[in-house]
Amino acid sequence: MVSAVFHSSLDTRSAEARAPRVAPALAVSAANESLAPAADAAPARPGYDWRALALKVVPPLVGMALLIVIWAALTRNSTNFPTPGATFAEAVKVFSDPFYRNGPNDQGIGWNILFSLYRVAIGFGLAAAVGIPLGFLIGRFEVINHMTSPLISLLRPVSPLAWLPIGLLVFKAANPAAIWTIFICSIWPMIINTAVGVQRVPVDYLNVARVLNLSEWKVITRILFPAVLPYMLTGVRLSVGTAWLVIVAAEMLTGGVGIGFWVWDEWNNLNVKHILIAILVIGVVGLVLEWTLIAIAKRFSYDDH
Amino acid sequence: MTSFIEVQNVEMVFSTKKGRFHALREIDLKVERGEFVTLIGHSGCGKSTLLNLVAGLTRPTGGVLLCDNREIAAPGPERAVVFQNHSLLPWLTCFENVHLAVERVFAATEKKEQLRERAQAALELVNMGHAAAKRPHEISGGMKQRVGIARALAMEPKVLLLDEPFGALDALTRAHLQDELLKIVARTKSTVVMVTHDVDEAVLLSDRIVMMTNGPAATIGEILRVDLERPRDRVGLVEDSRYTHFRKEVLDFLYTRHGHVERVAA
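As given, the protein sequences belong to chains A and B, one line each in that order. Each residue of the first sequence is one higher than the one before, counting from 1 in this note's numbering. Each residue of the second sequence is one higher than the one before, counting from 1 in this note's numbering.
Honestly, I wouldn't trust all of these hints.
Claimed, not checked - Listed next, with one range per pair, are the computed distances between beta-carbon atoms:
{"id": "1", "chain 1": "B", "residue 1": "111", "chain 2": "A", "residue 2": "171", "range": "52 to 62 Å"}
{"id": "2", "chain 1": "B", "residue 1": "16", "chain 2": "A", "residue 2": "172", "range": "50 to 60 Å"}
{"id": "3", "chain 1": "B", "residue 1": "222", "chain 2": "A", "residue 2": "300", "range": "43 to 53 Å"}
{"id": "4", "chain 1": "B", "residue 1": "11", "chain 2": "A", "residue 2": "203", "range": "21 to 31 Å"}
{"id": "5", "chain 1": "B", "residue 1": "259", "chain 2": "A", "residue 2": "145", "range": "43 to 53 Å"}
{"id": "6", "chain 1": "A", "residue 1": "200", "chain 2": "B", "residue 2": "138", "range": "21 to 31 Å"}
{"id": "7", "chain 1": "A", "residue 1": "149", "chain 2": "B", "residue 2": "248", "range": "51 to 61 Å"}
{"id": "8", "chain 1": "B", "residue 1": "228", "chain 2": "A", "residue 2": "149", "range": "51 to 61 Å"}
{"id": "9", "chain 1": "A", "residue 1": "292", "chain 2": "B", "residue 2": "14", "range": "42 to 52 Å"}
{"id": "10", "chain 1": "A", "residue 1": "200", "chain 2": "B", "residue 2": "252", "range": "41 to 51 Å"}
{"id": "11", "chain 1": "B", "residue 1": "73", "chain 2": "A", "residue 2": "216", "range": "14 to 24 Å"}
{"id": "12", "chain 1": "A", "residue 1": "151", "chain 2": "B", "residue 2": "222", "range": "50 to 60 Å"}
{"id": "13", "chain 1": "B", "residue 1": "14", "chain 2": "A", "residue 2": "165", "range": "47 to 57 Å"}
Derived by calculation from the structure, the hints in this document are not laboratory data. Here the structure is a predicted model, which means the values were calculated and not measured. Beta carbons: idealized from backbone N, C-alpha and C, even for Gly.
Sequences and hints are given; from them, build the entire structure.
Right under this line is the structure:
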């Protein structure tokens with residue numbers, strides 16, 4: 001179920017990235033053939049494929065430009081919604097001094113991002129430490145699977161913020177409550193993906209293990225772990241995405257220092273430009289997290305299928 | 001001569017979601033040391049099931065299987081299996097795949113250097129020494145199957161079990177690997193049980209061909225002894241009248257007498 005997401009998106013990405021590396025000449029010549037009918041006029045040594053690069057780079061830029069144009073057009077006569085130009089000018093100001101400190105409620109954007117990332121890291125790290133081994137157990141033992149699956153199905157769809165009061169009640173403080181919320185929300189994809197990965201280890205590989213009579217340790221390190229790793233990393237990727245979504249909402253409610261609190265604070269100050277900047281920053285950080293994990297997953301993916 | 005593998009009155013019933021499935025009944029088979037036996041039959045006749053039973057991957061619901069006078073209770077390295085789809089671990093190199101097998105069997109008695117030599121030697125045996133550092137996805141299907149054979153041979157098994165090892169290959173590669181297998185078996189004097197549905201392959205390779213009736217509740221229909229001297233030459237055999245005769249026997253069994261399930265039950 002969840003794994004389907006991974007195999008479609010990641011595999012195409014990695015295949016895209018791999019093709020030119022494995023056979024650059026082949027890929028380019030194939031492109032030349034399909035794009036330019038006058039293939040015989042091409043030089044013997046195919047040059048760099050500028051056309052493919054342009055196709056990759058230009059459309060995203062056009063899309064971005066289009067958004068800004070629409071934004072500018074809509075806010076031309078607006079008094080309370082900032083124009084792209086004004087927002088950009090403000091952003092330059094905000095990023096020129098990201099690490100200032102004027103008391104607990106007024107700190108630079110750099111501090112806000114770092115505090116949010118810190119909470120995500122703790123909550124997510126705990127979730128990984130609990131969720132991945134739990135996923136292994138669920139995948140390996142039918143009984144545990146049947147024991148936990150109704151609970152997981154019941155708790156997984158619960159909105160992240162519904163967990164916040166429980167955290168506040170138990171920990172009696174805002175910061176651990178926010179971390180708790182991250183923990184509980186980011187644990188599900190890791191449990192489910194790891195479990196699915198373990199269940200989908202091809203029977204052939206396990207038969208190989210049985211014929212070779214491998215020790216339990218070798219089965220885990222040489223067969224189970226490598227086979228499950230891609231699934232596990234998908235779970236990690238989905239979890240980090242969820243954690244980053246949730247932290248903004250959680251911080252809006254708990255306060256302190258953090259990008260979510262910053263958004264709420266600027267709303268109270270009616271500083272819409274800062275809110276727009278914050279939205280952009282949240283997006284960029286989320287994207288960087290996602291890319292990092294895709295890069296890690298690609299590093300550990302094996303291509304056999 | 002005492003038989004090396006003995007299958008005594010084996011029955012196999014699978015319990016599936018759709019109910020019980022009677023796969024094999026009353027299987028009796030003896031394989032001698034150094035013998036090459038093929039199991040042939042239509043798909044679904046339970047020949048792979050029988051091989052898995054000999055491998056110990058599944059336990060029979062009735063009857064006994066013996067290997068070297070001991071009951072087969074679990075899979076083990078003395079009965080090496082070459083799987084239908086090679087089953088190399090994609091995250092290990094060819095060398096590491098073979099080494100994994102070598103390590104398990106010989107690590108207790110030999111030094112690391114010797115283990116590496118064994119793995120490399122097994123790859124050389126199937127002419128894959130050059131691809132030791134490659135991963136399975138970097139080599140062709142025929143090469144993967146060779147590495148699979150190397151992995152099995154590297155364990156110095158008492159019995160080599162082959163489950164349609166060349167089924168997924170093109171005709172030319174298949175012929176080439178069959179010849180290689182014949183040479184290797186002649187050199188190592190292995191006992192081999194092989195599942196196939198290729199009549200020519202069965203006649204060319206086997207000492208005896210075990211022909212199975214159609215499932216469900218399949219059993220051994222007939223056993224044909226192939227009295228052709230070794231080494232066998234595929235090109236020369238084509239015009240050999242004995243070869244044509246053996247081939248016809250198998251074809252006759254498979255298509256004339258056991259082409260339909262109803263006739264088996266009768």
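A quick look at each hint next to the structure:
Distance hint check for residue 111 (chain B) and residue 171 (chain A): the Cβ-Cβ separation is about 57 Å, which falls inside the suggested range of 52 to 62 Å. The given range of 50 to 60 Å is respected by residue 16 (chain B) and residue 172 (chain A), whose C-beta atoms sit roughly 55 Å from each other. Hint check: residue 222 (chain B) to residue 300 (chain A), Cβ distance near 52 Å, so the stated range 43 to 53 Å holds. In this structure, residue 11 (chain B) and residue 203 (chain A) meet the distance hint of 21 to 31 Å, their C-beta atoms being roughly 23 Å apart.
For the pair residue 259 (chain B) and residue 145 (chain A), the supplied restraint of 43 to 53 Å holds, since their beta-carbon distance comes to about 44 Å. Between residue 200 (chain A) and residue 138 (chain B) the beta carbons are some 24 Å apart, a value that agrees with the proposed interval 21 to 31 Å. The beta-carbon spacing between residue 149 (chain A) and residue 248 (chain B), approximately 57 Å, falls within the hinted interval of 51 to 61 Å. Hint check: residue 228 (chain B) to residue 149 (chain A), Cβ distance near 58 Å, so the stated range 51 to 61 Å holds.
For the hinted restraint 42 to 52 Å between residue 292 (chain A) and residue 14 (chain B), the CB-CB distance of approximately 47 Å keeps it satisfied. Restraint check, residue 200 (chain A) to residue 252 (chain B): a C-beta distance of roughly 44 Å satisfies the suggested window 41 to 51 Å. Between residue 73 (chain B) and residue 216 (chain A) the CB atoms are about 18 Å apart, so this pair conforms to the stated range of 14 to 24 Å. Distance hint for residue 151 (chain A) and residue 222 (chain B): a CB-CB separation of about 57 Å, consistent with the stated range 50 to 60 Å.
The beta-carbon spacing between residue 14 (chain B) and residue 165 (chain A), approximately 52 Å, falls within the hinted interval of 47 to 57 Å.
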